[in-house]
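Count along the sequence shown starting at 1, add 1, and that's the number in our numbering.
Hint data in this document are derived by calculation from the structure and do not stem from the laboratory. Ideal Cβ positions, reconstructed from N, Cα and C, are used throughout, including at glycine. Some hints could be false.
[As the list claims (entries may be wrong)] Distance windows between CB atoms, simulated: (1) R158 with V268: 46 to 52 Å; (2) H225 with G303: 33 to 39 Å; (3) G89 with Q53: 27 to 33 Å; (4) D195 with A65: 23 to 29 Å.
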Amino acid sequence: MSVYAAYSHIANNLGAPPFLPLNRDRVGDVPLVNLTGGVPAADILPYESYSQAVGRVLGNPATAFSSVSYVSPFGIQELREQVAHWRGVPVENVLVTNGAMNGIFLAAQTLIDPGDTVLVESPTFPFALNIFRRAGARLESIALHAGGIDLDELEQRLREGRRYKLFYTIPDFQNPAGTLTSAEHKSRLLALADRYGFAVIADNPYRELWFDHEPDGFPDDYRHAERYSPLYEIGTFSKTLGPGWRVGWTIASSDVVQRMSVIRACVDGNSTALGQYAISCLLQEPYWFDRLLEAERALYRGRAQALVSALRTGFGDAVAFDEPRGGFFLWLGLPQGIRIDDPHVQDALARQNVLVTRGDSFAPEQPGRDPAHRDYADHVRIGFSALPERDLREGADRLAAALIGLA
């Protein structure tokens, strides 16, 4: 038997991870500028507060053993109550997860049977696509525009008889495109989901990181449901407190939360107990999290503005992008005729020792599957959250030096 035959069909066809690890940190004497990051700024995270919180948890006989033991698959009650109060929902509608991807995975396992069709935005987050493929789903995409997908097009598809098990969306500061959907758009989407019987997985890791205006929420009628709601809201502390905590949440109807807890009991048992207790301890301090979020918003706003200014200086009108209104990323349309899958373009970037995330990483269609759909090789994603402004300006300058001469 061949090695290939030893693995499942799904394992053999998921392909390489969308974002490959770095294999260099400098070319000659030129240090690498890595613009791929999608993590919080290392210099703003409150490590001393983290240390104190963990110490209080482990030093308290009431929580010491529980924090290193098994806990409820729903999550510890204190953290569920805090998330419920913060997000304005009943505690029964909150499931604590091991980050947002765990929430997506559990939702997929709850909803998808092999052969079901999942609708996704194009472009979108590639790791979610692999979760749906792993569940046996067929993927279909719909183009993403400045304010979200075209709901008229979606409704037309549904009227024509197309049926979807779920629609996966990143509604606020979308990854990679940075788009923001309005309250009206969210309300109409859920009305369509109700009418045609599909679920909506709203993956929202960047929601709290707005620069000037807080994003509109989903209608409360769908967020407070007991027996059924098409809405699965997924959130995480990874983008605000750090991804190593592996603590997130899913907000859904209490019936859905119950079913997801049964599935997760035989997958990972429960979310990391020490992380839950430590974050709950941090959230007990009045306004602690609010102050941190305000500082993060101000920092990322300044970094986004520095990047935008440098790109405009370096490229002029040769590139296209929307100025970020929140989140971690800028979605850059490359100069006319330049594609990131061109070896000459890759060599030019390597000579400048600047690293970006390829736009074709975010295409839902696998290469060669559907040539009518865009592959986004004419885009790159730039992460601005993790780097200081001087490095962002340097990175933009290197991008311009690498690409302008190729256009």
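| field | Which numbered hints fail | value | 1, 4
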